[in-house]
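Chain residues, written in single-letter form:
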Amino acid sequence: MSRGDQVKQGGNMTLTHEAAQAISADKVASLPATPAQYRCPICGKICVNHEDLKFHYANEHPDAIVPIIVKLNVNGKDCEVLIEPHWTLQRTLQFQLGLTGAKQMCDSGACGSCTVIMDGRAVLSCTILAAECEGKVIETVEGIAANPKWKTLIDSYCRWDAMQCGYCTPGFLVTAKALLDKNPNPTEEECREALAGNICICGTYPRHSQAILEATMKMAEGGE
Amino acid sequence: MADLAGVNGQREHFRVVGKPNLPGRLSYALATGIAKFGIDYVLPNMLHAKFLRSPYAHAKVVSVDTTKARALPGVVDILTWEDEDIVKLSTGGFGPPKPWLDNVAHEEGAEVAVIVVAESEEICEEALRLLDVEWEVLPHIVDILEGRKPDAPVIREGIPEVPSMFAMGGKDNPPKQGNVSYSYVIDGDIEAGFKEADHVIEYDLTIPAFASHMPNPPGSVAWWEDDPYHAPGKTLHIEGAVQRREQIAALYGMPPEKTVQKGLFQGGKYCDWGMRRSQEITPLLAKRTGRPVRCVNTRAQTYDFLMKQRYMYLKVGFKDNGLITAIDDFSIADGGVPGSSTFGTSGDQSYGPYYTMRCKNIRQRMEIVDSNRGMMYVSGQHCPFNWDAGTMAIYLIAEKLGKDPIEIAKINLHGPTSQDDPNPVPSFEACLEEGKKLMNWNWHPAGTKKLPDGRMHGASFRYQICPRHAFSGYDCKLEYRNGVVHLPTQGPVTGMFAVEANAMVVAEELGLEYEDISIDFDYREKFTPVGGGSDGTTASAWAMKECANILKQRLLEAAIEEAENPPRPSAMFAMPKPPSPFKGMNLKPEDLDLMDGKVVLKADPSIGVPLADAVSKNIFATYSGRPPDALWSLGMGRMLDTMNTAYCEVAVDTETGEVEILRFGVVADPGKIMRLTSLESQIDQVMYFSQGCQLLEDFVYDKKTGVKLHNNMIDYKKPGILDVPRVDRKFLETRAGNAAYGANGISHSLANTHLVIIAIHNAIGVWVDPPATPDKVLKALGKA
Numbered sequence: 014m015s016r017g018d019q020v021k022q023g024g025n026m027t028l029t030h031e032a033a034q035a036i037s038a039d040k041v042a043s044l045p046a047t048p049a050q051y052r053c054p055i056c057g058k059i060c061v062n063h064e065d066l067k068f069h070y071a072n073e074h075p076d077a078i079v080p081i082i083v084k085l086n087v088n089g090k091d092c093e094v095l096i097e098p099h100w101t102l103q104r105t106l107q108f109q110l111g112l113t114g115a116k117q118m119c120d121s122g123a124c125g126s127c128t129v130i131m132d133g134r135a136v137l138s139c140t141i142l143a144a145e146c147e148g149k150v151i152e153t154v155e156g157i158a159a160n161p162k163w164k165t166l167i168d169s170y171c172r173w174d175a176m177q178c179g180y181c182t183p184g185f186l187v188t189a190k191a192l193l194d195k196n197p198n199p200t201e202e203e204c205r206e207a208l209a210g211n212i213c214i215c216g217t218y219p220r221h222s223q224a225i226l227e228a229t230m231k232m233a234e235g236g237e
Numbered sequence: 024m025a026d027l028a029g030v031n032g033q034r035e036h037f038r039v040v041g042k043p044n045l046p047g048r049l050s051y052a053l054a055t056g057i058a059k060f061g062i063d064y065v066l067p068n069m070l071h072a073k074f075l076r077s078p079y080a081h082a083k084v085v086s087v088d089t090t091k092a093r094a095l096p097g098v099v100d101i102l103t104w105e106d107e108d109i110v111k112l113s114t115g116g117f118g119p120p121k122p123w124l125d126n127v128a129h130e131e132g133a134e135v136a137v138i139v140v141a142e143s144e145e146i147c148e149e150a151l152r153l154l155d156v157e158w159e160v161l162p163h164i165v166d167i168l169e170g171r172k173p174d175a176p177v178i179r180e181g182i183p184e185v186p187s188m189f190a191m192g193g194k195d196n197p198p199k200q201g202n203v204s205y206s207y208v209i210d211g212d213i214e215a216g217f218k219e220a221d222h223v224i225e226y227d228l229t230i231p232a233f234a235s236h237m238p239n240p241p242g243s244v245a246w247w248e249d250d251p252y253h254a255p256g257k258t259l260h261i262e263g264a265v266q267r268r269e270q271i272a273a274l275y276g277m278p279p280e281k282t283v284q285k286g287l288f289q290g291g292k293y294c295d296w297g298m299r300r301s302q303e304i305t306p307l308l309a310k311r312t313g314r315p316v317r318c319v320n321t322r323a324q325t326y327d328f329l330m331k332q333r334y335m336y337l338k339v340g341f342k343d344n345g346l347i348t349a350i351d352d353f354s355i356a357d358g359g360v361p362g363s364s365t366f367g368t369s370g371d372q373s374y375g376p377y378y379t380m381r382c383k384n385i386r387q388r389m390e391i392v393d394s395n396r397g398m399m400y401v402s403g404q405h406c407p408f409n410w411d412a413g414t415m416a417i418y419l420i421a422e423k424l425g426k427d428p429i430e431i432a433k434i435n436l437h438g439p440t441s442q443d444d445p446n447p448v449p450s451f452e453a454c455l456e457e458g459k460k461l462m463n464w465n466w467h468p469a470g471t472k473k474l475p476d477g478r479m480h481g482a483s484f485r486y487q488i489c490p491r492h493a494f495s496g497y498d499c500k501l502e503y504r505n506g507v508v509h510l511p512t513q514g515p516v517t518g519m520f521a522v523e524a525n526a527m528v529v530a531e532e533l534g535l536e537y538e539d540i541s542i543d544f545d546y547r548e549k550f551t552p553v554g555g556g557s558d559g560t561t562a563s564a565w566a567m568k569e570c571a572n573i574l575k576q577r578l579l580e581a582a583i584e585e586a587e588n589p590p591r592p593s594a595m596f597a598m599p600k601p602p603s604p605f606k607g608m609n610l611k612p613e614d615l616d617l618m619d620g621k622v623v624l625k626a627d628p629s630i631g632v633p634l635a636d637a638v639s640k641n642i643f644a645t646y647s648g649r650p651p652d653a654l655w656s657l658g659m660g661r662m663l664d665t666m667n668t669a670y671c672e673v674a675v676d677t678e679t680g681e682v683e684i685l686r687f688g689v690v691a692d693p694g695k696i697m698r699l700t701s702l703e704s705q706i707d708q709v710m711y712f713s714q715g716c717q718l719l720e721d722f723v724y725d726k727k728t729g730v731k732l733h734n735n736m737i738d739y740k741k742p743g744i745l746d747v748p749r750v751d752r753k754f755l756e757t758r759a760g761n762a763a764y765g766a767n768g769i770s771h772s773l774a775n776t777h778l779v780i781i782a783i784h785n786a787i788g789v790w791v792d793p794p795a796t797p798d799k800v801l802k803a804l805g806k807a
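If you're matching them up, the sequences are chains A and B in order.
Be aware that the first sequence starts at 14, since it is given in this note's numbering, and climbs by one per residue.
Be aware that the second sequence starts at 24, since it is given in this note's numbering, and climbs by one per residue.
Treat the hints with care, since some could be wrong.
Computed cross-link-like contacts, DSSO-like style, restricted to lysine-lysine with a CA-CA straight-line distance of at most 30 Å [to be verified]:
no., chain 1, residue 1, chain 2, residue 2
1, B, Lys-42, A, Lys-149
2, A, Lys-162, B, Lys-310
3, A, Lys-58, B, Lys-42
4, A, Lys-164, B, Lys-257
5, A, Lys-164, B, Lys-285
6, B, Lys-42, A, Lys-231
7, B, Lys-753, A, Lys-84
8, B, Lys-257, A, Lys-231
9, A, Lys-58, B, Lys-611
10, A, Lys-164, B, Lys-310
Hints listed in this document are in silico derivations from the structure and should not be mistaken for laboratory results.
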């Protein structure tokens, strides 16, 4: 085995950028177009379809509010999702679409860990009702990670340890991407301004602008 | 430089260790959201659980009628503290044994008496509202100054006094009275010390309480599954109790082999090692219901202390040259709720700046007041011990004598070996020299320097030792398999990248690159680089270095053996290997080395064979052990090796009361830098912790009800990216520690509660207790 093969084999055990990109692409590709099941959130009964669920509610839970179907466009895919009307977008992404990148930390729009991009703007998915998102174009960290265009940004985040425990990191990364969508060549001050709503308990703040600035420089030079 | 024995003898040249910008092995998983924390798990058919939480600061559930709640559609199970399944659960933690779930709540928001399991969190909440609970509201204490008064209501009758982690004081302590336990530690002759003094200063300070605030709300998901390998019975699968799999197994009488926990992402759990009930209860609920159960705390339920409040009063005697002769330290500390850590109280008395000083006449008297304020789990991320009380003494002596506090610190710090050692500590001297340059250090007395913009300038300084706790031993294993070196570990994946530092050491010792080492994260593995503070990186790396050298020896033996007797290819039609250049040379392992991925001849490194070609067999090496005891644990501060110094510059606007930290400066000697990028981040983190507790963070209670008023991330302000100041860092490598390559570590040693506060005093000449919010600054200036 050559040294190159040796490194490759060792590398295969590591979650490289390529592996993360592939997993993210799989997650995006496997987003369900329709609900996987029509489960009654009160008693757990599995119904055949939404109409059946409504009928079940009328008979069994007449005083309860019937779950709704909301049509979301997530990472470029149209998804019909069964939710209870009070569900936030963060909860919907996690519980119905299996996307774990929008993290729940503060539950009150104060930390930025659940940031997603909606119609081009970085927004906080813990304070937005999923029911309000119908027709909106939503981009999560999984969609960003699946897109090779953002490899350089993610590489820079990892090179600079722009994370310690890593829980808040996807929120920062999504915010950074939203910044670069609008301003591909930000100053350090503009990076800091953009990330002002993201809280990191581990104190990685200087790393984010460092990573973003390195990435923009490399991207301007043509990628790697 | 430390003189380390065996293969841990010093290395002069480094290719890998200390290198910056090597990504963490799971950084891509973290950045892209692939990493799943306990709270992220969602399983089909999953139930949810919630605890009844006390609306009162101190109350007893006399009775509870669950009839209406049980009748609510979607409710699957309800348990009370009296259920046999709950009674059988045992508890750990500090203090006397206590029920796992009690009918007495000792703080507002505490889990008490009832657990509800239902189809959704909303149904859980509705069921909790439908409980008919008869509460007996008990008197509470959230102001410890009130709680220590003789006429204060006694809140914990019959509960023994607070035990000490390090058994301070012992038999000489006065007996508990009312809410107050006593812990006295007396060294030397305090009266003689004051007689010897030319001056005496007296001052008080408040150590602020601040929150642990782990980013990922604690919680778990558990389920039981059939197990074809380990009969009989089902296997428990629990996610969200990272690093506590074996404790969970023990809690439920399960062998570790039948307890699965694949997720190793721990989140930001810096020295907050306590398990929350939501992390422990799900296996029981899953067993009772036959379905997966998720139980997660909300953010509001995640405001435990990283440090408890303490009021300190100090009297310090010193000579004309600034040499301290006596320290009389009296403090009133929050004992917290039952089960709270003794860090923050008596556990803080055994070590600290006092023992780095020449002064041997020290009296520490602590009153520990039972309270209903909250819980502090094992924590050392706070400013440890009494460090800031000592820092303030040095500052005040300097002010009194009109001298630079750095000079006062130098006079008072003893030498490396003991309190009687007159020699300077080389690491400290080196830090000071660099620190002065870094900060353009030019001391001025309080209230004397105005900046061009009209604000007042203040500066401060402190020193600390770089502790390595050496409490931990490590069980290392390395496997050479199919030409690749594997480092199997249970992790966890946490903020300090300690596993990565270990892989760098292995690569260094085996002549490989960091990327060549396959880190295999597996919950069943024994090796974990977790220890007290920086032991996680530096002491575990010492043990891993031993292991790597055992593997190296075996690889070289195997290379010689295979050169002389080439093994038959294991694959049926594989070509035999070409003859080794080592064949017939009658070599011994010491004639060979590992360099750049090859086995080479030491005498002529141009003769070599790629490792994977030289050794085809599988080899493993193990090592269990620990480095030599750290001086921290041997001397508890009386023996000094590597140190650090921190500096702060502030500008104070005396019209608005606003404080701006112009910059922090840190000169630290970790002995040897293991992983530069995370070391830098660790420094930033503790300085931001320090900023938060001195300028922004505060626990606020309604005294009448005992209710916390701000347990959300809007009212409880953590520093954000626009808040944090510049941190200038400079690292020294004296190699004077005795972990890997002479490393010690930084750990939490730079966290502090008064560096900024002292700088504020230096700016305006008056004291402001932390957090120094503008209103408090103006009040201190007599303007509000």
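Hints the structure fails to honour: Checked against the structure, the hints that fail are numbers 1, 2, 3, 4, 7, 8, 9 and 10, while the rest are satisfied.
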